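Given these sequences and hints, build the entire structure.
2 protein chains.
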Amino acid sequence: MAISRWTAAPARAASPRRRGAVLERAILDAALEQLSTVGWNALTMEGVAAGAQTGKAAVYRRWPSKEDLVAGALQAGLPRFEEAPDLGGVREDLLALCRQARDAMYSRPGLALRAVIHECDPAQAARFHGVIFDGVVEPVVKLLREVITRGIERGEVRPDADNGYVLDAIPAMMMYRSKVCGSEWSDAEVEEMIDLLVLPLLRPGGA
Amino acid sequence: MAISRWTAAPARAASPRRRGAVLERAILDAALEQLSTVGWNALTMEGVAAGAQTGKAAVYRRWPSKEDLVAGALQAGLPRFEEAPDLGGVREDLLALCRQARDAMYSRPGLALRAVIHECDPAQAARFHGVIFDGVVEPVVKLLREVITRGIERGEVRPDADNGYVLDAIPAMMMYRSKVCGSEWSDAEVEEMIDLLVLPLLRPGGA
Chain U
1 MAISRWTAAP ARAASPRRRG AVLERAILDA ALEQLSTVGW NALTMEGVAA GAQTGKAAVY
61 RRWPSKEDLV AGALQAGLPR FEEAPDLGGV REDLLALCRQ ARDAMYSRPG LALRAVIHEC
121 DPAQAARFHG VIFDGVVEPV VKLLREVITR GIERGEVRPD ADNGYVLDAI PAMMMYRSKV
181 CGSEWSDAEV EEMIDLLVLP LLRPGGA
Chain F
1 MAISRWTAAP ARAASPRRRG AVLERAILDA ALEQLSTVGW NALTMEGVAA GAQTGKAAVY
61 RRWPSKEDLV AGALQAGLPR FEEAPDLGGV REDLLALCRQ ARDAMYSRPG LALRAVIHEC
121 DPAQAARFHG VIFDGVVEPV VKLLREVITR GIERGEVRPD ADNGYVLDAI PAMMMYRSKV
181 CGSEWSDAEV EEMIDLLVLP LLRPGGA
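From first to last, the protein sequence lines are chains U and F. Residue numbers are given in this note's numbering: position 126 of the first sequence equals residue 126, and the series is strictly consecutive. Residue numbers are given in this note's numbering: position 123 of the second sequence equals residue 123, and the series is strictly consecutive.
Treat the hints as calculated values from the structure; they're not laboratory data. Among the hints, erroneous ones may be present.
If chains are identical, the list can't say which one is meant, so a pair holds when it fits in one copy or spans any two.
With a straight-line Cα cutoff of 27 Å, these simulated BS3-like cross-link-like pairs (lysine-lysine) come out [unchecked claim]:
# : residue 1 : residue 2
1 : Lys56     : Lys66
2 : Lys56     : Lys142
3 : Lys142    : Lys179
4 : Lys56     : Lys179
5 : Lys66     : Lys142
6 : Lys179    : Lys66
Here the structure is a predicted model, which means the values were calculated and not measured.
Next comes the structure, spelled out in structure tokens:
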């Protein structure tokens with residue numbers, strides 16, 4: 001990495017500010033790598049420094065503790081959920097959004113995030129609650145709300161389905177079955193969940 | 001405890017077998033107490049022995065490792081879900097069952113179970129997966145199925161609602177909101193979940 005950087009972009013690499021940003025990125029990447037391989041408990045500042053090919057001091061200068069470093073790595077590495085799929089129908093939109101969430105769950109930052117959620121003790125977990133809530137839960141729920149609102153406008157979805165319990169049902173199922181049932185959410189399972197749970201929950205009419 | 005036992009039931013207490021069962025119970029109780037107060041990581045065999053007013057050897061003789069002891073304590077202490085409420089309507093039955101599950105979540109064995117789920121690393125978690133699945137998940141899902149089947153027979157519930165995704169929705173929501181949103185599932189929240197999520201999901205008719 002270091003060699004190709006010096007070779008490919010010597011002018012930018014010579015800037016101390018640029019070097020700082022590149023080093024920071026390498027440290028955050030190494031932290032995610034450690035989290036998704038050895039997990040939260042076994043992650044050490046030394047291990048991360050070694051992974052980033054730098055010294056411990058360079059890590060501690062930026063992040064005074066393991067908690068700070070991991071919070072920074074998650075914030076920088078978590079997938080962005082910025083745009084809701086808009087494929088013309090609520091079923092296709094939900095399928096696309098759930099597949100995107102599933103892919104994020106099994107990405108390196110997703111595995112790192114789950115290591116943090118699963119291994120932290122309650123006091124440490126509180127430290128990451130905001131990172132997870134603001135970085136993952138809120139954005140996903142926002143996109144779900146967009147998909148459902150468009151479904152309501154098209155008459156595909158009952159108007160009172162835009163509520164917090166309905167919006168939480170998909171993330172809740174994905175977390176629960178992955179944790180309790182060991183599901184990896186194949187495309188077929190995502191489709192079954194949409195057809196057997198979510199569409200019946202959203203459809204208009206009924207008693 | 002020891003004094004009142006010797007006073008109240010000297011004949012039974014004199015039997016070594018009875019003494020063994022009483023001591024075993026005291027050790028398992030002390031393990032749950034430690035789990036629900038200091039958590040999984042801080043639980044030690046010494047601490048459990050001290051809590052049960054016995055020696056370490058008495059603990060190790062029965063459970064060779066911390067994992068074995070905790071699995072035994074959870075198996076012995078987890079609430080039993082044996083009978084589905086039968087109050088004449090699916091809404092009342094679901095409310096009663098969810099309140100029962102909520103009370104179990106916040107009981108001492110429930111807190112102990114959550115300490116194990118939240119703090120264990122993946123290898124340890126695998127060790128408890130069977131305990132949790134057989135002891136909690138399966139029994140709760142079985143009772144939910146009973147309630148929903150009776151609702152189908154009464155015509156309150158659509159016949160195709162008896163599927164694994166629908167049955168998992170309530171435990172999934174209870175775990176998710178407790179973990180991600182810090183919800184403690186007040187009676188009002190349980191009622192909202194039933195009215196805004198579960199009943200719309202179950203009702204017959206629709207598009």
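Tested hints:
1. Only within a single protomer do lysine 56 and lysine 66 lie at most 27 Å apart by alpha-carbon distance; the minimum there is 12 Å, versus 34 Å between protomers.
2. Within a single copy, lysine 56 and lysine 142 get their C-alpha atoms no closer than 39 Å, and across copies no closer than 53 Å, so neither meets the 27 Å cut-off.
3. When the C-alpha separation of lysine 142 and lysine 179 is checked against a cutoff of 27 Å, the pair qualifies both within a copy, at 23 Å, and between copies, at 19 Å.
4. In this assembly of identical chains, lysine 56 and lysine 179 lie within 27 Å of each other by CA distance neither inside one copy nor across copies; the values are 34 Å within and 34 Å between.
5. For the identical chains of this complex, lysine 66 and lysine 142 are neighbours neither inside a copy (31 Å) nor across copies (43 Å), given an alpha-carbon limit of 27 Å.
6. Taking CA atoms no more than 27 Å apart as the test, lysine 179 paired with lysine 66 passes in both settings, with 25 Å inside one copy and 22 Å between copies.
Hint check: violations occur at hints 2, 4, 5; the rest are consistent with the structure.
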